[in-house]
Structure formats: C-alpha cells, structure tokens
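Engineer: From just these sequences and the hints, can you work out the full model?
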Amino acid sequence: MAGHSIDALGQFELHPIFGVLGESIRFSQSELMMVIAAVIVPVAIYFGMRRKAVVPSRYQAATEILYEFVYSMAVGTMGEKGKSFFPFIFALFSFILAGNYLGLLPFSFAFTSHIVVTVSLALMVFILAIIVSLKNQGIKFFAHFMPVGAPILMAPLLVPIEILSYLSRPISLSIRLFANMVAGHVMLEMFAAFTIMLATGLGLAVGGFLGIFPILLNIALFALELLVGALQAYVFTILTCMYLQEAVQH
Amino acid sequence: MRRFSVFCSRLVASLVAGGLLTSVLATNARAAGMPQMDFKNPLVMGQFFWVLIIFFCLFLVVKFFSVPQVEKVISYRRSKINHDLTSARQAKSQADKAVAALNKTRHDAALEAQKHVDSILQETKADSAKKMQELQVKLDQEMKDTEKRITEARNKALTQVDQMAKEVAYLLVKKMLNEDIDSKVVDQKISQLVLSSSH
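Going down the list, the protein sequences come from chains A and B. Using the working numbering, the first residue of the first sequence is number 206, and each one after it goes up by one. Using the working numbering, the first residue of the second sequence is number 153, and each one after it goes up by one.
Just so you know, the hints here were simulated from the structure itself, not pulled from any lab data. For each residue, glycine too, the CB sits at the ideal point set by N, CA and C. Heads up, some of the hints might be wrong.
Stated by the list, open to error - Taking CB as the label site, the calculated pair distances span:
1. A:436 - B:197: 22 to 30 angstroms
2. A:285 - B:231: 19 to 27 angstroms
3. B:233 - A:285: 18 to 26 angstroms
4. A:336 - B:224: 24 to 32 angstroms
5. A:273 - B:237: 16 to 24 angstroms
Structural biologist: This is the structure in structure tokens:
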C-alpha cells in the first residue's frame, strides 16, 4: 500500500477548456460549472412554473416553496425593504446552492470550493452593503463603529475593534463556504480512493469486502454533503440579508 | 448481536482512522500547495471576475424573468383565492339575509296566526256568551212560564180541593148523622174553614 497515494486536492485543480480560447479568456471547468448553474436556475424555474397551475404539481410546488423560502428569508430579515433586494438574494442563494450540488455530481466541479470564488461573492455582498448603507444613512453610517452608550474615552479602543469586526465579514463569509465545501470534497475523495486502495492492496476478495465500509461511509458523507450544501447556501444568504438589513435601517 | 455491533463499530472506526492516516500521509506531498491557493495561476484568479459576470447575468435573468414568472402565478393564485373568499363571503351574507327573512316571515306568520287564533277565540267566547245569555233568558222565561203554570195548576187544584173537601165533608157528615143534610150549610162551613186556614 506504500506505493499508492490519495490525491485529495487534485480535484480542485483548474484546467482550461475550449482549448486556446479557454486559456486566453481564462475559462476553466469552474467557469463552465458557474455557467451551468446560472442556466439551470432560470430553466428549472421556467419548467417548474410553465403550467401556471392554481393547484400546483409537485415540481411547481417545489419551485414555489424555494421562492417562498427565500422571500420569507429576505422579507423576514429586512422587512418591507427586503422586497427590493429579493431578486439579488434569490439569485445568490440559488447560485450557491446549484454550485454546491453540481459539485457533488461525478466528473463535475464545485466552484464554491475555490476561495477566489467565495471571496468574490463575499466582496460583492460587502461592497453592496456599504453602498446601500451610505445611500440610506449617509455619514451616519460611520457612527455604527462606535457602540451606542459606550463611554467616549473607550472610543480609541472600540472603534478599531468595530472596524476590524466589520472588515472581517467578507473574510468569514468566504472562508466558511470555501472551507465547508473543500472539507466535504476532500473527505469524499479520500474514502473513495481508500476503497480502491483496499481493493488493489489487499486483493479483490478481502479488499473488496473491506472496501464496502468506506463506500457506506461515503454514502453517509454524500448525504451529509447534501445537507452542508444547502446549509452553507442558506448561511451565506442569511448573513447577506443581515448585512443588508443593517444597511437599509436608518 | 451486541458483540456484532461492537465489532462493526470498531471495524468502521479502524477503517476511518486508517483512511485518514493514509490520506494524511498521502496528501502530505500536496499539503504545501492547495490548487485553490495558487494565485499565480491565471485560471484561479480569472474566477474572480468570471463569477461576478456570470452571477450578474443570473441576477438579471432572475430579476426580469424568473421572479416575475413565479410572482405572477402566486399573485394570480392569491387574487383568485381572495376573489373566491369574497364570493363565499357574499354568498354567506346572502344566505344569512335569506335565513333572516325566512325567520322574520315565519315569526310574522306565527304572530298573524296567533292573532287569528285569538280573534277566533274571542269571537267564539263572545258567541258562546251570547248564546249562554240567550239560553239564560229562555230558561228564565221558561222558569217563569213553568212557575205560572204551577201556580195556575195549584190554584186550580186548590179550587178542586175545596169542592172535594165539601163533598167529602158532606158525605162524612151524612154517614155520621145517618140522615140527609142541607148541602148548602156544609158548603158554607167548609168555605169559612178554608178562608180561615188560608189567612
């Protein structure tokens, strides 16, 4: 078994697609998955709502449940002002969810397992929240860095802490999603490779029998990844809603 | 069964531990460089902009196509439900009005019937009272007539008693004296007795 190795991180390597064109425009399998996710979401909604039935079918009901879920999340967190941000929140949630779930398919790629992608999305949310804050609150936005009721003498200590706390938002937002997706895929890869290693190292009879256990574990991990994928999409989106809620309040 | 479950759990734990250990040893070689952290790779950094572009496209499609599509169906359903509810409320209101009108009609009819019954009862009472009065008058008249007839019969009987008494007295006196007597004397005496007794 010493000769075998598990390349758990190799799955995250990027390769250009569409040949030279892909290389020149820096288009890898990650971008392809982003495009597929961006296409799947509206297409799935279109086919879900195509019949426009008053009494919905299961597919239509599932689409409406997704819509209502995100809507209640946005409006429940931000209030009536959340309605204007709802398309953004819905797009964000469905994009991350589709990305997480697409990554679970064989021969696919989880673009949310790349820190650059999650940082990009987190920075977009962060900058949007700052723009909305400045638009709604003006110069009062900076007053949030001094906690209400705190003695003014504590300002030199509290203001830098608050600024640091505020600036850490995109970092925590991006690393949370990235780390969860990486961990899940590494675990899946390891146990899948371990099965093969058992079969090749101990022979097909013994290794094949023992290989059943990592496979069972992988099935459980896959179920866990389904949960984690939805949960991380939800966490990313609900935190976005909370940041925007802070931004829209006066 | 318990031994088997303990054995299974130990086996799974050892496999997990073995797998982790093997993978850690195997990935040590790559630990120094995660492909995600290879920021010199243009494909890695290219994702930063691509994700924004693709997400922005998705956002536009969702905002102008998907959300209105779902919203349209949901709002149509909501309006239909509201419309149906309004219709149901109107129907209920009309039904309530009809029930109220029915109850009122029934109540009025009951009152009318009661009035009718009362008037008939009063008429009957008055009629029977009138008939009773007439009967009473008739009875009184008959009583008077009867009393008159009795009085007349009595008077008549009394006059006959006087004659009979005179005859009985004449016969008794004649029997006792065993001779004929003047009937006029007997009549006179009897008349005097009757007169004195009547006073």
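Engineer: None of the hints should be skipped; say for each whether it holds.
Structural biologist: Going through the hints against the structure:
At about 28 angstroms, the CB distance of residue 436 of chain A to residue 197 of chain B agrees with the hint of 22 to 30 angstroms. Remark: the range hint 19 to 27 angstroms for residue 285 of chain A to residue 231 of chain B is upheld by a beta-carbon distance near 20 angstroms. At roughly 22 angstroms, the beta-carbon separation of residue 233 of chain B and residue 285 of chain A lies within the given 18 to 26 angstroms, and the hint holds. The beta-carbon spacing between residue 336 of chain A and residue 224 of chain B, approximately 30 angstroms, falls within the hinted interval of 24 to 32 angstroms.
The hint said 16 to 24 angstroms for the Cβ distance between residue 273 of chain A and residue 237 of chain B, and at roughly 20 angstroms that hint holds.
The structure fails none of the hints (numbered hints given earlier).
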